[in-house]
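Chain order of the listed sequences is A and B. Residue numbering for the first sequence follows the working numbering, starting at 1 and increasing by one per position. Residue numbering for the second sequence follows the working numbering, starting at 1 and increasing by one per position.
A hint or two may mislead.
[Claimed, not checked] With beta-carbon atoms standing in for the labels, derived distance ranges:
# : chain 1 : residue 1 : chain 2 : residue 2 : range
1 : A       : Ser295    : B       : Ser191    : 54 to 62 angstroms
2 : A       : Pro112    : B       : Trp62     : 32 to 40 angstroms
3 : B       : Phe4      : A       : Tyr24     : 52 to 60 angstroms
4 : B       : Val166    : A       : Leu299    : 33 to 41 angstroms
5 : A       : Leu170    : B       : Phe4      : 22 to 30 angstroms
6 : B       : Lys298    : A       : Ile289    : 31 to 39 angstroms
7 : B       : Phe162    : A       : Pro112    : 44 to 52 angstroms
8 : B       : Phe162    : A       : Ala199    : 33 to 41 angstroms
9 : A       : Ala199    : B       : Gly300    : 23 to 31 angstroms
These are calculated hints, taken from the structure and not from any lab test. Positions of the beta carbon are idealized from the N, C-alpha and C atoms, including for glycine.
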Amino acid sequence: MTNWLSAAFWTDLAAVLLLRDAGYNTMVVMLGAAALGGAAGAVGVFAMLRRRALVADAVAHATLPGVALGFLCAVALGLPGRSLPFLLGGATLAALAAALGILAIRNRTRLPEDTAIASVLASSFALGVVLLSIIQTLRTGGQAGLDAYLLGATAGMLRHEAITLGVFSLVIAGMIALLFKELVLVAFDSEFARAHGFAVRTLDLIILGLVLAVVVIGLRIVGLVLIVALLVIPPAAARFWTHHASVIVFIAALLGAVSAYTGAAVSAVHPQTPTGAVIVLVAFALLLISVAFGSARGLLPRAIGRARLRAQGSAP
Amino acid sequence: MIGFLQIDLPALLVGTLAAVTCAIVGNFLILTRQAMLGDAVGHVVLPGVLLAFLIAGTTATWVMLVGAASAALVTVILVEFFRRVAGMDPSAALGSVFTAMFALGVVLLEQTGVSRTSFDVHHILFGNIEGAIWPSAVAGPSALLDPAAWSDLPPQITRLAFGLLVVAGAIALLFKELRLVSFDPEFARVSGLSPRWIGGLITALAALAAVVSLEAVGVILVVAMLVCPPAAARMLTDDLHTQVMLSVIIALASGVLGYLIAAFGPALLGFDLSLGAAGTIGLVAGLFQLAAMIVGPKRGRPRTA
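Construct the entire structure; sequences and hints are all you get.
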């Protein structure tokens, strides 16, 4: 049990946050988490604007059967079930299948997109739960490690796992940097982009691909239940600080990175706490701060601006 | 026989009652394009139920209902604040609030140590249908006719029966209005029905269905049952009344089949495994939907031309 009000907790946390007391391993994990948070924040801006956020939620939940199948495959091959490549490989395939399933239902049946999303989410998660309960009864080690994929757990993370996930996140960030202009144009003004001959459909597919990548890479750190939050909350918060399309992407990345970094630090001080939940709460706190004080659309700056206008208006 | 009455009968009752309650409301959620609302409601109820338990110290039905209702209310207020006062995009507002509420629930669960007593995050997520047992059935089939033995039926069953009664009653009473708002919101508006008001009612009923089911069958089965049986039924008919009835039948069938698969499937196939019934029930419902999407007579997109 953590005493959140004790001074010891906050000094420990501060020490870890400032990388003072953190072991090398913890540092690597925190930086890996920050890279993921940054990538998720940036991708989230495009996903939100192209209305892919809910798809991300379904795809994330659908990775559970993939993770479970990856575990079973690894065990069948005599490898330790928790090996990252198998679990993330399974998750990737499941995520792709879910995305295709949603498209197929939307395009080929009378069900609207939100029903398609919700039903893929629910039935694939149910399949995952069934597979998990099978895994729980197997006489093989490492089942407990699978819990980390539900709500995230950076506490037991190995250094090379953190480095792998961090590098993947940086690759995503690099992709965004390369296609920055095109992505911003499609996300913020798709009509203009289409009129000027940009391949909107291709860019939409790229955005969907980036979303899938963030989901899969984020599983271990944030967990599949809450990863969607890292794609939704930082972009929403970023819009309160600026009206500039491209600056929003940077601020969202920064807010995502700070949230994930802090979440990993709290998990380092208190390993019991599910990392994903802490990350989401930090992100939400940043959102509340942005709503109140954001320089572009925050409530307080807006109120001050109005008061000033009124004062000017009534001046003789 | 006694084993069946003590273990399987209560679990079957819990599973099917929850399935049917959620499926009935689900019909209106999918018709009013609010399918993801079920997902959101399932998530936000966690901190509410938990805080209510921490404050009152019991899992009595009314305490859980008050907690869940307060959580739903806080969610609605926060979402509306984000949308109307702060000017956020509706889906961003909903997505931020429901994930944050769920995260709060998860942290509370771990930090307060409740997870080691009567609440378990796994049960909330995956359900604990098998946790429903009926001790008095030790008397054998005569317990079925003995009101004294009914008193120790698992409390989930009373809670679920209450939920089903309210949900089915409200929908039967307001069926005409609900149909109008679902299929023709414009006409509903001009004939003096407020789609907003009816929409709020649908949300409230979905929340009620989620609350009474959540602790018994878990978030995942709640979400599956709100969506899959009605979506399957929608592939089979154009008539709303028939659709609701079909969704109830599909939910019942999923509940019974799913439970039987979980309870007896592995042993029949000679495996030494145990399956969680919440998962198998949800999966069976998903398979029903898949089958309906492939062969259902009304599966296709309506021609718009």
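The hints, checked one at a time:
| no. | hint | in the structure |
| --- | --- | --- |
| 1 | Ser295/A <-> Ser191/B: 54 to 62 angstroms | violated, 47 angstroms |
| 2 | Pro112/A <-> Trp62/B: 32 to 40 angstroms | holds, 36 angstroms |
| 3 | Phe4/B <-> Tyr24/A: 52 to 60 angstroms | holds, 58 angstroms |
| 4 | Val166/B <-> Leu299/A: 33 to 41 angstroms | holds, 39 angstroms |
| 5 | Leu170/A <-> Phe4/B: 22 to 30 angstroms | violated, 58 angstroms |
| 6 | Lys298/B <-> Ile289/A: 31 to 39 angstroms | violated, 50 angstroms |
| 7 | Phe162/B <-> Pro112/A: 44 to 52 angstroms | violated, 32 angstroms |
| 8 | Phe162/B <-> Ala199/A: 33 to 41 angstroms | violated, 55 angstroms |
| 9 | Ala199/A <-> Gly300/B: 23 to 31 angstroms | holds, 30 angstroms |
Violated hints, listed in ascending order, are 1, 5, 6, 7 and 8; each of the other numbered hints is respected by the structure.
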